[in-house]
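Sequences listed follow chains A and B, in order.
Residues 1 to 383, numbered by the working numbering, are exactly what the first sequence covers, in order.
Residues 1001 to 1382, numbered by the working numbering, are exactly what the second sequence covers, in order.
Note that these hints are calculated values from the structure, not bench results.
One thing to keep in mind: the hints can contain errors.
[Stated by the list, open to error] Derived lysine-lysine pairs resembling PhoX-like cross-links, with alpha carbons at most 25 Å apart:
id, chain 1, residue 1, chain 2, residue 2
1, B, 1215, B, 1265
2, B, 1327, A, 300
3, A, 380, B, 1265
4, A, 380, B, 1258
5, A, 376, B, 1265
6, B, 1258, A, 376
7, B, 1327, A, 376
8, B, 1215, B, 1188
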Amino acid sequence: MAPDYNAMDELGFRLMLREFIQAECPPQLINQARRVRWHEAKDWCRKLSLKGWLAPAWPVEHGGMGLNVEKLIAYHDEFDNAGVARPPDIGIVMLGMLLVRFGSEAQKAHYLPRILSCEDVWCQGYSEPGAGSDLASLRTSATLDGDHWVINGQKIWTTLAQDSTDIFILARTDPAAKKQQGISFFLARMDAPGITVRPIRTLAGDEEFCEVFLDNVHIPKENIVGAVNDGWTLAKALLGFERLTHGSPKFAQMALSRLEAMARQLSVFEEPAFLDNFIQLSLDVEDLAATYARFAEALKSGAALGPEISILKIWGTETYQRISEFMIDVAQEYGTAVGPTLLGSEEVDPLGYYFLSRPGTIYGGTNEIQRNILAKSLLKMPG
Amino acid sequence: MFGNPDEPDHRKQLRESVADFVRREVSTKVLRVALASDGGFSPTRWKTMAELGWTSLLVPEESGGLGLEHGDMAALHHEIGRAALPEPLVVVPLLVMRALVLGENRALEQETLPDLLAGDRIATLAWQGKAGAMGSEAVGPAATGSGDGWSLSGKALFVPLATKAEAMVVAAKAPEGVVLLWVDGRPKVESLITHVDGTPQAVVNFDGVEVAAAKVIAGPEVGARILDDVLDTARLAASAELLGVMEQAFQTTLDYMKQRMQFGKPIASFQALQHRAVNLYIQIELARSALDRGVAALSGSDDFNERAAQISAAKSRCGDAAMLVVKECIQMHGAIGYAEECDLSLYVNRALGLAAWLSNSRAHRARWYSQQDAAKRKCDGP
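Work the whole structure out from these sequences, hints included.
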């Protein structure tokens, strides 16, 4: 029987995690700005799984930690503060939570234990070549043929699809319905005939995401979550607590500390122009962290997350970008070196940060879309 | 909107009482009359504010005040900023009365505080030796021992309320350290600058002024600490006012954009303006976070450097954010935003004045960094 983590005092809970991370987390997962691959993260994920700590937000009866908001924030804080890289966790944070809420008993019994044991690794089949910010215009189709759904279409920007055993897919089941209303939510094995994966290389040089081609993919009839044509509602309902973690100051903080270390090697702290910008960026990060803490406090006191949480994502990702841009500026010629370079006693990679900070303003709803939402829902601007 | 969650009831009531006062007693027309007057504020409104207890928030109960917390003070000034009220709620209660309360001269405190609390007398603080100065390291006037008292010389710059004050707290640099002295009577004004928000500030000359021992507020052992304390408390109040100023300017501009029609639509429907409006909203929320952190440091920490760092972080963010908000508000209003008759001008001027006063954002960023650096060196050891 798992301990009642919510009954622990917060410091004790934090120390328990902190000690475990320090003792057990492989060093190559610490302070990695890039997305780590499954083969790098799986041993660590299994260790967490054996501890019962892989799924902090899942209910206890499904093998999660069942954490309340306060402890959930503490959990993420401890992993962030230790600089632990985010493993491929779409199955935990997205699909698992969705199945807990909307899955059938059979689906919960089948999929949840396999996610927890790290046997199944999931990826998210949402975006398409013609459906990015306007996701509801997606064209991948699913038609019922006897005992099977037959899926045809193409997904893109599917994070780490090449490492995944399973994919959840949004596909159109009613071409005549208004665009959000004819979409359903499906589960498929990646080894199903008709699925082809082509990794896409990013500017940072990693194969972080993929194209996924779906040609007459047959999946069992029961591999639909929720009702037919209800997929959009399901996908939207997922945007809960995770939106706070998208606003975590950790990337900006990590980049700032790397900027500082590099600047010391280059002896630019004496230059007023450097210092002015460095101080400004430092305060931008401080105020990001203070705002994150304010949201976390509000959540703990029982407030619901409104659209205003988007300001964390906007300010966090754009601050991260400004820091990385300043890094390549400060680095002068070192700023265009590909891969880590030894500068004095520090290994630095300003170009890496420059590239790695780019996608944050694009994924999870571009910052332009976030601004549209804030303008309309919060500032009540029309149109 | 994401605002001030979970405040204690008495603080909500304080905010409500300010809002109520503004509804009853203040209009932009009335404000303009006060701003154009000699002192830049309304003496009758000042008296009413004193009666409402707003001059006495941080004064301990045993000295006749309300003995409230820094968070309450910040809430008051936040609301004052929203209404762009020009009355000297920072200068008299926080720079003058607080120096008396923190000082060592109880007899003098008992003699001077009641009139100040009641709004019957205006006094000011003279200390500043140069533009952009932070505190005790840059005091203008000088003091030399003279019997039991002190002889003053030299000048203080940017002395607020100099045309209205009937007494002054003077910070003067003595060989032993900074002393705080009470000087009765009207300041000797050498020259006067009228600032953009209507506040006159003077260069005051102290040559030949003698101060008796009975008028010493704080001697050289504690004078610097008290001066720096009152200045930082005032900075936090000014930051809170800046937050109120920018919020109100932004709200007014949002309302305007929703009713201003061009090309057959409200201009608020244009995406370019929507995105810029969101940018302002983000800055306002960052300013609120920075202010909260400053309040927490002022009430929760005894470490002067830690407090100074957080207060500088608050003043720099609030100043920069307010400056950005008001300049964008001018642009979003179009030509009418450039007209003095548009009420936005009251907020533009207030933001400019408050952002520069008690050191601007650039100076506070520099102080924040030097405090961080000092803290880091302390941690690292010799």
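Against the structure, the hints:
Only pairs whose Cα atoms come within 25 Å are accepted, and residue 1215(B) paired with residue 1265(B) is rejected, the gap being roughly 66 Å. Between residue 1327(B) and residue 300(A) the alpha-carbon distance is near 36 Å, which puts this suggested pair outside the 25 Å criterion. For the hint linking residue 380(A) to residue 1265(B), the alpha-carbon distance of about 15 Å falls within 25 Å, and the restraint holds. The hinted pair formed by residue 380(A) and residue 1258(B) meets the criterion: a straight-line CA distance of about 9 Å does not exceed 25 Å.
Simply put, residue 376(A) and residue 1265(B) have alpha-carbon atoms about 15 Å apart, close enough for the 25 Å limit, and the pair holds. Taking the CA atoms of residue 1258(B) and residue 376(A), the gap is near 12 Å; set against the 25 Å cutoff, the hint holds. Pair hint residue 1327(B) plus residue 376(A) holds up; C-alpha atoms about 22 Å apart against a cutoff of 25 Å. The suggested pairing of residue 1215(B) with residue 1188(B) holds, with an alpha-carbon distance near 18 Å, which does not exceed 25 Å.
Comparing the model with each numbered hint stated earlier shows that hints 1 and 2 do not hold.
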